[in-house]
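Asker: Chain by chain, the residues run as shown.
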Amino acid sequence: MSDLELMVLTILVGILTPFAIGLLIGIDRKITARMQNRVGPPVLQPYYDLIKLFGKERRAMNSSQTVFAIACMFLQLAAFVLLVTGGDLLVVFFVSSTGSFSLALGAFSAHSPFSYFGAQRELLQILAYEPIVFMVIVAIGFRERTFLAGSVAHDLLFVLPLALIALLPVLVIKMEKSPYDIATAHTELISGPYVEYSGTYLAITKIAHWFDLAILFGIMTLFFWDQNIWISIGIKLLIILAFFFTAIVIDNTTARLTRNRMVKFTLAFGLALTAGNMLILFLADQGVFRWP
Amino acid sequence: MALMENMRVRSPWILHFDTGSCNGCDLEVWALLTPKYDVERFGMVNKANPKHADILLLTGPVTKKSEDRLMTLYNQTPGPKVVVACGNCATNGVPFFDCYNVEGGIDRVIPVDVYVPGCACRPEAIIDGVVLAISKWKEKVAAEVPISASEAGPKEEQETVEAPEAKP
Ligand code: SF4
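Same order as they appear, the protein sequences are chains A and B.
Quick note: the first sequence uses the working numbering, first residue 3, plus one each step.
Quick note: the second sequence uses the working numbering, first residue 13, plus one each step.
Possibly wrong hints are sitting among the right ones.
Stated by the list, open to error - In silico DSS-like cross-links for lysine-lysine, where the CA-CA straight-line distance does not exceed 30 Å:
1. A:K208 / B:K59
2. B:K48 / B:K148
3. A:K32 / B:K48
4. A:K32 / B:K76
5. A:K208 / B:K148
6. A:K266 / A:K208
7. A:K266 / A:K179
8. A:K179 / B:K152
9. A:K179 / A:K208
10. A:K32 / A:K179
Source of the hints: derived by calculation from the structure; they are not laboratory data.
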């Protein structure tokens, strides 16, 4: 594969991924509806929502709220572009989590108890999943001896399977699904950090959320690599779809847990898995036993 | 941009507010979200948040206590928006007409676009009402008249349906 082809592919992936995430969310709503014995909205529903939101009257509580929403979107976008172009994973992680923080700050800037609660819970969620994402990136770096996303060129799937599984609760939290839809708890907090956003600004936070998901899926795709580009893309897509479907099943079979249990469980589960995986890798490197 | 407008009216988000109903109509509104009626197939989601809503489904007569709250919710909803009064109470306060604590129908406080009759209104009737509301919403989207907050307010001059005097 020539450099030019690779560049075209990179640009294509960069442009198509946000659209694909919208489609995935539409499929998610359809599958969820079918699981609940309903017909469900059309698959393109997330786009309709977005287009409608952009056409609504522009209103904001204060100017800092809008600034934080826009900052959130651009930070996530920057992190995503960095990841697609094979940049440093640690920088991707830090820029993306700054984006998540600015969503919480935007929610704090509105004087509304719902928004305030939502923001605090958002911070709690960040506390629950960011260490795991960080550890997974460290594990990838430990194995590959580099943090550059573009230089990850091994089959991590068989070497770091536990680290990949540790990303499942992270996905559930980021997709705002039960049992971990703590911040956007739609039964009591309505939509948590998004509650005071309306119209265009709500649409901007939604796009930021799509990029956020795209970054997480991007990190998951790093776990497979093959000489043949088509096999590579196929298996990467399979990994994403498997995780996505598992998250939907978990969403539809569980009730929401309390925030304390979320933090305790995700941290214990995620950190134990990634740390355990790294330990196994280290021992295998020392020649204690064979690990694929 | 007819295509764009068609797409824009495919995601009506609902705010349901009970201004003091007997809960009969509320149950019917909630029935819309169950698998039997499943209004999410039209893209409708109950957002329970005025700032995200497009269509206000209101039930019950406006009591004196809920008047301010109804007005606040209406003002907080960004335009273009449509108001649907569900049930006889919301239309003109019928069973509670002339009660000491009741203001009357929803249209005493905010402009109403669609009236759905019935005590309680059937879910099918509410769906019909919402479909009508969507066509009204489409007109508003096409006209793109920004509904400013100042437009809301007690409309004394507005025609209200007079309830017939109860025969002794
Ligand atoms: S219209 Fe009938 S059912 Fe509906 S709120 Fe009024 S009294 Fe109750």
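Asker: Check each numbered hint from earlier against the structure, then list the numbers of those it violates in ascending order.
Answerer: As far as the earlier hints go, 4 and 8 are violated by this structure, in ascending order.
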